[in-house]
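With the hints as constraints, model all of the structure from the sequences given.
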Amino acid sequence: MVAVKHQSLANPRAFIKSIYDELKLSGSDEAVAAKKALDIIPEKFKKVLSNANYREQIVDFGTTNIETLKPGTLVYFDCMVQDPNFSKELQMYALELTNNETGKKTIDFTLYADQTEDINHEYSVSHDINPSFIVDTEVIYCTEIPGKTSWNSQRNSIIPEEGSKFEESEEFKNKKKSRYPFPNTKHNAAVFYNGYPNFKVNQSIHVVGIFDYTLCHSEESNEILWPTILAINSSPMNELFTPKEIESKNYSSAKELCHRYLMNHVGNDSLVATYLMLLLISKSNSTNEKAGKFSISLINAPQISDDLLADFSKNPTETFGIGNLSVHHLSTQSLIKVFESIMPVVVSIPVSIPILNKCPWLPNAENEAGLRSGILQLCPHSLVVLDESTLDEGVLEEQGLRNLNSLQRIVTEQKLGFIYPYQQIEIDLDIRFLVISKGKSLIKTDIVIPLTEFSDTADSSEDSVIIESRDLEFIRVYLNKASTLEFTIPSEVSTTISEEYANSRKESKDSPSTLLKTQEDLFLTLTVARLLSLSKMESELTIDSWKESLELEKQRRSRLK
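Residues in the sequence shown are numbered from 372 upward in steps of one, following this note's numbering.
For the record, the hints were derived by calculation from the structure and aren't laboratory data.
Careful, some of the hints might be misleading.
To be verified - Taking lysine-lysine pairs in the DSSO-like style, the calculated list, with each CA pair at most 30 Å apart, reads:
| hint | residue 1 | residue 2 |
| --- | --- | --- |
| 1 | Lys407 | Lys476 |
| 2 | Lys654 | Lys907 |
| 3 | Lys395 | Lys376 |
Below you can see the structure in the form of structure tokens.
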């Protein structure tokens, strides 16, 4: 059965005009009707979009070839705010027109209109700028979410109507390229206008609006046409994907399934699989939780051959290997594929001397071209895999050292710096970091685990566990639910842990192997205990989970000796 398209989807501009006409027919003065339309149009679209069948008929801007997308098409875009201060403009939401023959005045609602259309030859504009019809508009620049995995793209089957092919100028290509985190990577991006909440840089948002090309006035040249979404509805994305409700499933079985899936790609190492699972449900955005930050280094990982290593270092690709599995060892490839099958956003970065020396890692707005992006400008809740096993010998230049220090600060403190003229500002992050290295890592992490059985000859084509799509979906939902669960530590458990810590400090003088010698040890073990509880879908810390965390840390530290 062919789905029936609502007018708002088939011709959104005609639908908007009908809303305005209806307001005028209801007896409202034209100026009043235009003012009311500002609020009523988003509400009308919101009602339409509450219907799931209609939502599925909207074109996905993130997966569409926008060079041939017809202007005036209704689109949705799940995106990252790259620059919330791209431009600040005054917009006319209505024009007062005068009939050239009769002199009669009328008001035309123009906020979402095609700006390239000529005014009806029977009319002329009464006032180029009428203060009564001006809205103050912030224009923001958004890119597709960096590292968004294929299963999370949710491509729909809607084939958009094509228009004339848009030829991108070289100037536009260069400006667009500098605003995406990953070097020379094909992506979709747009600026968007109209009312929206106070979105922040790096935030992931959902936008529904009308696609068009417009001139923006923040760049050195006002002749550049930017792909634009005239936003009708927009909202923050609290999570990077919307999990489905799964009935008649026990989350304890999801935990076991996830653990087994990970374990089979780290040489059946149960300890490593457990810590990786905890990493996938960790969150680091709570400034009130000292026991919240969590990053992992896996050491003793196999390295690509010397020939491949030398070639990658001397002849890096245009993208410097970001997101390219082929530059990693087969075993690392296999593990990254696992992450990509169950996590909504995964960014794999092969660390090399060229990528550190030549690429910007922090966002930078020191010149007039606006905020240029950096590799580390990522959405909250992203998983970043830093593969140091691709690192060959070489000399780090000044920029390379700065990039390495910036990376360390982000891993350690979850702070991302933005370079502006005469100052640097910082924002809090919530990014999960996994470092894979042959020996001691360049990057200090919270947890270091030596691999014992990570295969040196693993064939990434044989994803050793055959797992069904419904089980993958179950794992995705489980990881999402576990990571968003509210968590508390009961006072009696807190008291027990405090007493145990005090006793452990006393014993540490005579027993060097004591686990809880420092406050740092306590916070780390508390983090492990908290994540273990969440992995069992428990909202409170129990003594059993605390003891389990002590045992895990004991096993891990024994490997480091």
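- Could you check the structure against the hints above and give me the numbers of any it violates, in ascending order? none
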